[in-house]
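Given next are the chains, with one letter for each unit.
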Amino acid sequence: MSSSYKSIPLEERRRLREKKYKKHNLANILTHWFNVGCWLLLLPTGIAILSSPRLGLSPLWWQEAWRNIFGGTANLIRFHYTIGLLWVFVLTFNILVGFRKYFVPFAATRLLLDKDDIEWLKIKPLQMAGFMKDKELPPQDAYNAGQKAYMYVVILGTIGIMTSGIVMTFNRIFPPILKQIAQPVHWVSVFAIIAGLMVHVYMGAVFPEEKEAFFSMFSGKVSAWYARAHHEKWYNEKLKEEAEWEDEVEQEVKEALATHN
Amino acid sequence: MATVKKYGFVIDVSRCIDCRACLVSCSVENKVPQDHTRIWVQDLAVQGEWPNLSRTFVPYNCMHCDTPPCIEVCVSRATYKDPQNGLVLVDQDACIGCGYCVEACPYGARYLDKSRGVVDKCNGCIQRVSTGLEPACVATCVGGSRKFGDLNDPTSEVSIAMKNATSVMQLDYESGQVDTDPNIYYVNYQGMENPLIVGNAALPHPPNYTVSEEGWKKILVPLMGLAVGGAFLVQAIYFTKQLIEGEKEFEE
Numbered sequence: 001m002s003s004s005y006k007s008i009p010l011e012e013r014r015r016l017r018e019k020k021y022k023k024h025n026l027a028n029i030l031t032h033w034f035n036v037g038c039w040l041l042l043l044p045t046g047i048a049i050l051s052s053p054r055l056g057l058s059p060l061w062w063q064e065a066w067r068n069i070f071g072g073t074a075n076l077i078r079f080h081y082t083i084g085l086l087w088v089f090v091l092t093f094n095i096l097v098g099f100r101k102y103f104v105p106f107a108a109t110r111l112l113l114d115k116d117d118i119e120w121l122k123i124k125p126l127q128m129a130g131f132m133k134d135k136e137l138p139p140q141d142a143y144n145a146g147q148k149a150y151m152y153v154v155i156l157g158t159i160g161i162m163t164s165g166i167v168m169t170f171n172r173i174f175p176p177i178l179k180q181i182a183q184p185v186h187w188v189s190v191f192a193i194i195a196g197l198m199v200h201v202y203m204g205a206v207f208p209e210e211k212e213a214f215f216s217m218f219s220g221k222v223s224a225w226y227a228r229a230h231h232e233k234w235y236n237e238k239l240k241e242e243a244e245w246e247d248e249v250e251q252e253v254k255e256a257l258a259t260h261n
Numbered sequence: 001m002a003t004v005k006k007y008g009f010v011i012d013v014s015r016c017i018d019c020r021a022c023l024v025s026c027s028v029e030n031k032v033p034q035d036h037t038r039i040w041v042q043d044l045a046v047q048g049e050w051p052n053l054s055r056t057f058v059p060y061n062c063m064h065c066d067t068p069p070c071i072e073v074c075v076s077r078a079t080y081k082d083p084q085n086g087l088v089l090v091d092q093d094a095c096i097g098c099g100y101c102v103e104a105c106p107y108g109a110r111y112l113d114k115s116r117g118v119v120d121k122c123n124g125c126i127q128r129v130s131t132g133l134e135p136a137c138v139a140t141c142v143g144g145s146r147k148f149g150d151l152n153d154p155t156s157e158v159s160i161a162m163k164n165a166t167s168v169m170q171l172d173y174e175s176g177q178v179d180t181d182p183n184i185y186y187v188n189y190q191g192m193e194n195p196l197i198v199g200n201a202a203l204p205h206p207p208n209y210t211v212s213e214e215g216w217k218k219i220l221v222p223l224m225g226l227a228v229g230g231a232f233l234v235q236a237i238y239f240t241k242q243l244i245e246g247e248k249e250f251e252e
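Protein chains in written order, with my numbering: chain C, 1 to 261; chain S, 1 to 252.
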């Protein structure tokens, strides 16, 4: 993608870097960092709880360390599900409150895979493996196809974690068979999300080309240069919106002037 | 697992008369719901041919195994082997009552208390033992069949009873990876056949691993390992590449 940008004059490039577009709203940003905080508390305690020797998924010293911090298995579990219930409550609350304003537009415009995304999903893994280096990636929306694919994992995984977690928390209510199924569902969902999370954190916080994405998670804004390079379709949409808005204002000014005169 | 003390039971099968006073005292002491019992007595019916007949009653409770299959399956260590006294205990504040351990126990010594949503079992009356009393079943045993004490201590009642016994039997379950090494010793049986295995005595049965528990181990664990490991590897490769090549934020 970089080759085509060489033709852009330097002045223009600078202008694009200066210009900012709003990508994330405040609700999005706060929910994201609330989610991060909960995960930082839930993941270590959850792995410490997950101590079946037959599974062998967490080291003994880790299990012991967290049990010592909280004073036993029962207290560790109490902490885990208290934070978990808070997480479930806030996320559900946010989605319900912002359902029409944020969630529906997000699901309708940013979530679905289109033809370009399918093409991207075909080419990108091959490029990462070292093939088809010269092939151009199709233009991407506000989120690229990889992000969208991960979003599905996160949405399904989150639903899995929440429902199975609630089943295990309210153990008096639910029958044993559900509690048995809930356990693998709970941590398989977690590990599916973790697999993607490693790439997510690397791409978001470490990978140099995506630096702006990281800061946009605080400011909500990305530069036009970044938008053009990584999310061309979304960028074009923004340009169109801008032009339409300009036209509208022009029209209004003209009308105002006409009535004034 | 080596523990400081090793509390266990020695049961004199020749002295049990199937009065079941132990069941009553156990249920009263531990507030066991009426449709369940932590301990039980197996009646092996009349054996042998006239006039050489014998009838044996075998008292059972949790074997407090050295390597219990129930603990292997517990996801949260809500059930554990106490490192101090060697008893297999359930932390009912941590237990969610999924019942993996109930299925895994080869002796059927556990049950699901549905009203509380937890698993319950013999705890060796640790609440009594820690204050110097005997477990309720031992204290009530009219024939002196049940004995309880530290098997590590050669001067304890159980060790002496074992030393003086004419025969000692264990209901060990050993197959593949599983070897329970139970801590109930049945002594002084005079009959011909092993009373713990003959007849319709269905114990011990192989540990039963539930579908969701077994499924984890065979399919999901390797699958998740592959996914997480793969993702980690990919980002690690890119990160090393980034470190070696340095960062080029702008091309000008």
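It is possible that some hints are incorrect.
As the list claims (entries may be wrong) - Restraint-style ranges between C-beta atoms, simulated for each label pair:
{"#": "1", "chain 1": "C", "residue 1": "Pro53", "chain 2": "S", "residue 2": "Glu245", "range": "42 to 52 angstroms"}
{"#": "2", "chain 1": "C", "residue 1": "Leu239", "chain 2": "S", "residue 2": "Glu245", "range": "26 to 36 angstroms"}
{"#": "3", "chain 1": "S", "residue 1": "Phe232", "chain 2": "C", "residue 2": "Ala108", "range": "33 to 43 angstroms"}
These are computed hints drawn from the structure, not numbers from a lab.
We treat Cβ as the ideally placed atom computed from N, Cα and C, and that holds for glycine.
Hint check results:
The hint said 42 to 52 angstroms for the Cβ distance between Pro53 of chain C and Glu245 of chain S, and at roughly 44 angstroms that hint holds. As the Cβ distance of Leu239 of chain C to Glu245 of chain S is approximately 33 angstroms, the hint placing it in 26 to 36 angstroms holds. The given range of 33 to 43 angstroms is respected by Phe232 of chain S and Ala108 of chain C, whose C-beta atoms sit roughly 34 angstroms from each other.
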